[in-house]
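The lines below spell out each chain.
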Amino acid sequence: MSENSSHSHDAHALPDPHDFGHTVPYPVYLKVFVSLLVLTVITVVISRFDFGEFNLVVAMLIASIKALLVALFFMHLKFENKIVWLYAGVPLFLLGVMLIGIFIDNPYRMGDRQPSRTTEHIAPKYNGSSH
Amino acid sequence: MSSVAQHGTTDFGSMDTAPEHRAPPHVHHMDAVTAYHAAKLGMWLFLATEILLFAVLFTAFAIFKWYYFAEFHAASKELNWKLGMFNTAVLLFSSFTAALAVDAAQHGQNRKVVKNLFISIACGGIFLIVKAIEYGAKYSHGMFIGGEHFHQFSNFLSIYYCLTGLHALHVVIGMIVLFWASTKAMRRMYSPVYYTPVELGALYWHLVDLIWIYLFPLLYLIG
Amino acid sequence: MDKQDMNEGQSVFNLSYLKQPKGLWSWLVTLDHKRIALLYLSALIVFFFLGGVFALLMRLELAHVGKQMIDPDTYNILFTLHGVIMIFLFIVPGIPAVLGNFCLPLMLGAKDVAFPRLNLFSYYIYVAGAIMAIIGLSNPADTGWTFYAPYSVRTSTGVIMMTAAAFVLGFSSILTGLNFIVTIHRMRAPGLTWFRLPVFVWGIYATSVIQVLATPVVGMSLVLLIVERMFGLGIFDPKLGGDPVLFQHLFWFYSHPVVYIMVLPAFGIVGEVIPVFSRKPLFGYKMVVFSSVGIAAIGFFVWAHHMFVAGISDPSAKIFSIVTFAVAVPTAIKVFNWVSTMYRGSISLTTPMLYAMAFVFLFLIAGTTGVYLATLAVDVFYHDTYFVVAHFHYTIQGGAVIGLIMGLHYWFPKISGKHYNTIVANIAWALIMIGFNLTFLPQFVLGMEGMPRRYYDYPAEFQNLHTISTVGAFINGVGYMMALINLFVTFVWGKRFAEANPYEAIGLEWRAPSPPPTENFDQQPIVNHGPYDYGRVALH
Amino acid sequence: MFRFLPEQASNHAAKVDWLNNLITDISVACIVAICGAMLYFAFRYRKQGNSDQETPHIEGSNFLEIVWTAFPTLVCVYVAYYGVVYFADMREVPNEELEVMAEGQKWKWDFKYSNGKKTTGELVVPVGKPIKVLMTSTDVLHSFFIPAMRVKADVIPERYTYVYFEPLKTGDYHIFCTEYCGTEHSGMRARLKVVSEAEFNRWLEDDSDLLRLSRLKPADIGAELYVKSGCNACHSLDGSRLVGPSFLKLYNSAREFADGSKIDKADENYIKESVINPNAKVVKGFSPNLMPSFDGQLNADQIGAIIEFIKTLDGSSKAIVSGGTTSSNVDRAKLSPKERGELLYKEKICISCHSLDGSKVIGPSFKGLWERSGKLVGGGSYKADADYIKRSILEPQAEVVEGYPPAMPSYQGQLSDDEIGDIIEFIKSVK
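Chains as they are written, first to last, in our numbering: chain A, 1 to 131; chain B, 1 to 223; chain C, 1 to 540; chain D, 1 to 431.
In isolation and in its complexed conformation, chain A is listed as follows (with noise of 0.2 Å):
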């Protein structure tokens, strides 16, 4: 974990601007916003054709490109030190522990989804069976 361990100097004479974070030429960032543009037009075209489930997966594709290329450039993650990486992908892990925990619980789960209200039409095998 590599720490920008705080050298002490001199309150009085200014800091050195290195020390701070990294800036980005202009033409990155122009480059950044282009390409987000065209990857947004890209997800509108490639959901009028139908995968079938891999509808879900191309599309969440495109958009962590997107979400990367904005976290990286924009957000300057990229010159980040290891911790902020650490923060930054952590939550992400979670949204993913998240989804596998109840989703593992889903398709397993016993009975119909949506039975109506009372027991009367639950099962007809129950249902009026007055001999």
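I should point out that these hints are in silico values taken from the structure, not numbers from a laboratory.
Values in this document were obtained by computation on a predicted structure and should not be read as measured data.
Virtual Cβ for every residue (Gly too), placed ideally from N, Cα, C.
A few chain A residues facing chain B, derived, Cβ under 8 Å: (1) Pro15; (2) Leu36; (3) Thr43; (4) Leu99.
Below 20 Å or equal to it, Euclidean Cα-Cα: the simulated DMTMM-like pairs (lysine to aspartate or glutamate) are: (5) D:Lys375 / C:Asp73; (6) D:Lys431 / C:Asp71; (7) D:Lys108 / C:Asp71; (8) B:Lys77 / B:Glu134; (9) B:Lys65 / A:Glu53; (10) D:Lys375 / D:Glu399; (11) D:Lys367 / C:Asp457; (12) D:Lys106 / C:Asp71.
Once you have looked at the hints, place chains B, C and D on chain A.
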């Protein structure tokens, strides 16, 4: 988010010295470099909590999409994807200008910072207006909360309003934060050694944009 | 304490953070982490007392079969308020907000936390949440602190105010955690590398990570509950198309890690106290640190062991049961390491050491009863019975509350600059031990006999155990009152001043005077050795 | 030692208890060992005098760490394995099981057998046969727990869950609700009666009341429900005004409501809505929040039957209300005062506002009323002796018990003194 970035009283030099030569505001128990990196780490931690807030809603969205696949499929046809796409472009552009604002602040060009931030705030406003139009359209179709047709897509609309409502709230907060950061630029406070507020504001704004990048395909496109 | 020490102690006292700067306003808008710690402590003790009173009222009602003095609705409100107050208002802020705030900067050799104003802002969010909870007392909820849907969506009682209060309190917890993580990363003294950090700092770090990463999830689920109650959006209520089990998933995703928020700082304090009073380095420092971080990490994967019978699928229950056992191992490692620290030490049974040994005993019971509940087939029987009530009281009260009391006694000379009366403190310790075990051991037996929890009335065969438990609860209450009053009286009127390092402990916080001035250290302390170098004779 | 689990009455019990006792023995051994070591260290290495003795600088030992990582891991793996295996046995339902339908509802359990037989609060099962209880809830979460059978499962609205067990011994066992569900959560108990197979089959076939119900026309079932559900307490059949509007000529009549809105035909939907959500449309001149909602207590068929019954009240023929409240051919002289009081309790429809089981309907319950004292609305207190009850029957508005609405009509002139005496005798008997 003023509470996140820590500043003592701004007792640096007189107004006329060029921005690059001014020392950053004195933080009473840390030197400027540590204060900057501390603020950055603190902001990323706060972004982590925001992502987790939306993670809960995305999980709920996934669950209900799995339960009511047909209803979600039909309901997402109701949404106007053209408006959605326009909104996405607006937010991407506002993210772009927010990044430029940070870049300007890093070079001490306070006037440019104000210009860029105001463009971002304006884009946020446009986004909210378009959102209001969409909500209005739903209201007229009776599909707003409590409307007579609400029950038709009640499960989709419940999650839809939660997601877009919370996101819109975060857009408003983001606009306030950017405005707060621009007030400091108006007072020509930013310099290569001090631009933390605008960077934190821009980080928050980029997060709001990030969330919309995922919301747009999930709600509008995957029909 | 001869005359010369007396006024020398008095002069240090007058220069300390307690006296400079003067005036109530300086306390209310202080940025000093030590004062904020005391502000938190005063609020916490009030709510600990309030929650305790509700508990004693419940115990009185449960003493005998049938209606004693309150009707079922009031009883349901009582156990809800006891839960909400004790968890959200007392123990979750608990050790991190009081001892974390006070000791963390001192232990790191820093002047203050990373964001002092955010620290004060967190306190006032806590106060806002507390006020909302008090307003909520006017129409209290009767859903239990778990707010399970669909009952919490349909009941007419004040669920919205109580959940809103919990949401606001969650933010205070998030911001405190955020503050501590940045402080530990960015403000360590020169030479204080990660593996020279005291175990308490590691405990606070692991706790803060959970606070930051788990609290937003419950915040959002409570907001969804409020939105569902207000606008009828069908998220959790099956009548509107929602899924009540989803609420349980989201709720327990936070509420299991929160038990580690409560107990990890207490583990840290035990790791501080035992080496000092055994005059021996902490046994297996690295293993204790890795198990703290390990517990915090694994804590996020095991939440559904609270839901084994809640209607989740069988494969899911099996997976969560197996993963839950992964948490038991690090806890066991910690206990072994604490006890091994005492081997061939020079042990002095001061009050904090007594609490530490009590902690080991109580937490052994807590840990082993946790194994019952993690075992799938056995949990089907024990779920939602008094066995679970006893288990989590052993972990929370036996763990976190005893940890808080131990920390208060251990750092009391540093906090107040005075020595408390050890005889009264030890008597209080004995009363707490007797009362606590007398209250909750019978409840294990009640659980084994199959008595469900949250029962206002019960079949007659459970009668005697409930009466014993009620008697124990009152002794327990008296014990805590005695311990806290003893500390309070000494804090305000005590005369025996403490020197900077009364226990000759190794730790940066003992290099500052007691009580320390606002700036903690006059010059930046430098660290060049591990946190527990007590043993004089190096074996190898 | 520490063997406190209830009797082993199901096929799961032996396995669960073995695992439970295994964990108990290991835990007790560990606690005694570790605490013993701690106390021994504390005593053996106590600080003598006021200066510390030499202490070795031991930082740790990798060997020991490995040992006390491996040992708990082994125990955990062993216990976890059996936990999962025995759980799988609990959930594996053999296919020739007897299936019973259970319905959890705020504060009672209803059971229904495959031949349509229904019971409330009592589950009767044969010994030795695998039983599967298929459960759902009509309102909030509940949980079906039979300690002696070591089974438990939450009961969730809009979904099924099940428990499977095989009773080994006949006898009566507790059934608890273990998921908090409101005021009477602790009262939501039922009885599991395990009987021999022969007796179970006989009990299952004896359905005298079921037969009768199936031959009646819906309107007759509606008439019976009119009494059993207590509608007769507030809605008369002869046009007279009790607490609520009379049912006479109600169907398709014009109605004006308290909020000024009007409907010109009181049709089926209006009646159904008023049964489920009475406060939605309160008729002008009647007070709201008095009629309890029957949502969950009356299902769609039953409400349909009541509507059919109301349709017959068009004033053409005198309503014959079966279920024996008005005409009674019983010779009253032969009855004891208490029995006469009980008959009056039903005839004068006290039944619909005053329950006998302690639950609050509209008026205070008769259970334990005799000699009870308490507070009255607007201050003052009462002691339920003979003349207090008499005063309350003749002019009920004078003394209204705190927490209850002033909704009781006066019985002045409808009850003679000795009839009131009989009622008092009956009230004394309701413990």
